[in-house]
Amino acid sequence: ILNVEQSPQSLHVQEGDSTNFTCSFPSSNFYALHWYRWETAKSPEALFVMTLNGDEKKKGRISATLNTKEGYSYLYIKGSQPEDSATYLCAFLIQGAQKLVFGQGTRLTINP
Amino acid sequence: GAGVSQSPRYKVAKRGQDVALRCDPISGHVSLFWYQQALGQGPEFLTYFQNEAQLDKSGLPSDRFFAERPEGSVSTLKIQRTQQEDSAVYLCASSLEGRGLIRIYEQYFGPGTRLTVT
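If you read the sequences in order, they're chains H and A.
For reference, each letter of the first sequence is one residue, going 1033 to 1144 in this note's numbering.
For reference, each letter of the second sequence is one residue, going 85 to 202 in this note's numbering.
It is worth saying that the hints were derived from the structure and are not from the lab.
Some clues are possibly wrong.
[Said to hold, decoys possible] Counterexamples of contact, computed for chain H against chain A with all Cβ distances above 10 Å:
id: 1; residue: Val1045
id: 2; residue: Glu1088
id: 3; residue: Arg1093
id: 4; residue: Leu1132
[Said to hold, decoys possible] With the Cβ distance kept under 8 Å, some of the chain H side facing chain A (calculated, not the full set):
id: 5; residue: Phe1053
id: 6; residue: Leu1121
id: 7; residue: Gly1137
Ideal Cβ placement from N, Cα and C applies to all residues, glycine included.
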């Protein structure tokens, strides 16, 4: 059974602080890792799709790194803003399959 | 352009009732996915279509769950004789292709249908 773990499960951060959280996934049969942001009552929004070991991607104040050999990815948010409050999901795509295997998410709350 | 839409957004069903959940993918998207998200968990894969062909239904939890995409666009997820454990958010996603040689295509999600079985 494939297991994708995210930590922490929830996080409260002061506005303006930077933060990061982790996604762990099986290092074998890796094909891609997706990060999504899901705000309440909205659709999950794709942030990054990462495929190569050592990949680093950036979108505004959010960036992500990927280590496929050890099976982890970090998501970083610099200078958190209230609009960053959401659940951040990572999802693993294995070779030979189409389905994404999701972690349980990190619920991020930014305190003004 | 228009994103993935799902209807209804909320559905309350009495135990034993049949329900049908609809997904309108982004026009031109070949692949369509259904996921189920129980409270406090991440989304779990249910089934996958490429055009009208259902290529993977390994995640459907029981034979009470049935999905179709007869013309390769709109999809319906049907749940017969609903049970309390079926209460969840049902997410639909679409993507351009199942897998590209050069890049992996993002899955674009709808807002989900929250099903509550009483």
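Structure-based check of each hint:
{"no.": "1", "hint": "Val1045", "result": "21 Å, holds"}
{"no.": "2", "hint": "Glu1088", "result": "16 Å, holds"}
{"no.": "3", "hint": "Arg1093", "result": "20 Å, holds"}
{"no.": "4", "hint": "Leu1132", "result": "7 Å, violated"}
{"no.": "5", "hint": "Phe1053", "result": "14 Å, violated"}
{"no.": "6", "hint": "Leu1121", "result": "6 Å, holds"}
{"no.": "7", "hint": "Gly1137", "result": "6 Å, holds"}
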